[in-house]
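Protein chains in written order, with the working numbering: chain A, 1 to 261; chain B, 1001 to 1257.
Wrong hints could be hidden among the right ones.
Said to hold, decoys possible - In silico contact screen, one side only, chain B against chain A (beta carbon under 8 Å); selected entries:
hint	residue
1	E1025
2	E1061
3	L1157
4	A1160
5	Q1164
6	W1167
7	P1172
Worth flagging that the hints you see were computed from the coordinates, not collected in a lab.
Yeah, the Cβ is synthetic: ideal placement off N, Cα and C, and Gly gets one too.
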Amino acid sequence: MNSIPQLGQSASGAAIFCENISRTFTGTGLVLDRISFQIQPGEFVALLGPSGSGKSSLLRLIAGLDRADSGRLAIEAAHGALSRGFVFQEPTLMPWRNVLRNTTLPLELVGWSRDNANVRAEEELRRVRLADFSARYPHELSGGMKMRTSVARALTTRPNLLLLDEPFAALDEPTRHGLQMQLREIWATLRMTVLFVTHSVTEAVFLAERIIVLSHRPARILLDESIALPPSRTEALRTSVDYITEIRRIGNAVPTVAEGL
Amino acid sequence: MTFRARMASFLPPLLPLLLSIAVAETVVRMAWVPSYLIPAPSEVFHSLVDDRIELALAAWETLSSALAGLVLSFAVGTLFSVALSSSDLARRAFYPYAVFFQTVPIISIAPLLVIWFGFGRPTVVASAAIVSVFPIIASTLLGLKSTEPALVDLFKLYSATGRQTLWMLKIPFALPQIFSGLRIASGLAVVGAIVGEFIGGGGLGSVVDSARTQQRIDRVFAAVLISSLLGIVLVGAVNLVSSLSLSSWHTSERKSS
């Protein structure tokens, strides 16, 4: 399924075509209701919606971890083979492996030699500024460091599509802000397609170039718009008028909790 | 640990032991209880010293049989659990029999074992293996089925093979449970070995049995004392292996200091 650019190469983005995707789960019923959108290679898209709206279900479909009941879903790499990276809500590290070995895992699974895997993993750990912690075990790390390890692990295969499922929701605010900026940096360097699921309007506006807003279950697309903010997202942006204006604009489109009850 | 801290942790369980020894000695010496029911602790001690070679040989025989039974049940139990965890149908078909098997009292099948394996060690080893296999199956199966779902997804994302998922994810994840099953099984293996020896002959089981017929209650007590010591040794050995292999990561083994 995933084939990986060799050492030193970097991948470009992937395009996603999503047409009338529906998904029903036994128990919860219809979760995704004829979802259609297209994402161009190299876009940074936030998938925004209230909790339980089916954004994670949609992400799992795109990750290939689940299948849609109907509709058409196609994901194509702009160049070469498709490779997906996934960052879960929890860091999901293996407690018996240190940071380096956790990071090399995807490469081991696809049959890389240990030496090559180490070179690539160390490169990605430098990118998330964890190079000095490669021998530590997960229980010796802070929540932010665990999540950075998880991001480095997703980057080792140089994915042309990076999927993130509310990865920073459980972190404290300064850590979350730091990781958001790191993710923007990573995207600016590697230019893969990023699909970022979140329920936070401020996070979506800060990170993404484009936001797709989902309704309460069954999820339909309420809004699909570009974000009018400069490409460089710094800490100063968080207090700018433009940022606040965008938050207000997008926030108005997001269904409130009361509407879902 | 300092000497003081060591004493502080050993003293509380030591006190009741010393107290009960003193009480037993007094009760027997004063002839309040006939000495053919309860031996004076000093007599048990003499028996331990006088028959030390015979008791040591018997203990070694029991220990080695229990260990052989434990190795056998670990091998069979682990293979069985891996097979059952990989197929839902197999688990539903066979697991109820594993549970049923556990409820059959070992003492009632021990005569059968003699018929099948004859007198001697094979019967004893089989008996130890039979009583110790179920806890291994139950906890290994539980461990293999409790793998974190997100990690299973991660392996799926990179198209991991079944073998990779088993060796790199499921077994390491199940290790704490595998060890806790082994801990219970190691105590039971000694029980199984001694029950086997009552009927199949040899080891501490025979010592207890013959001492009983000779009305040597002190020897019975000496053998019982040693057999419980064997259980402690085996459980201790499992604990040691467990903490060595899990110390780097698992919470239950991590020192809180």
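Hints and how they fare:
{"no.": "1", "hint": "E1025", "verdict": "violated, 50 Å"}
{"no.": "2", "hint": "E1061", "verdict": "violated, 38 Å"}
{"no.": "3", "hint": "L1157", "verdict": "holds, 5 Å"}
{"no.": "4", "hint": "A1160", "verdict": "holds, 5 Å"}
{"no.": "5", "hint": "Q1164", "verdict": "holds, 6 Å"}
{"no.": "6", "hint": "W1167", "verdict": "violated, 11 Å"}
{"no.": "7", "hint": "P1172", "verdict": "holds, 5 Å"}
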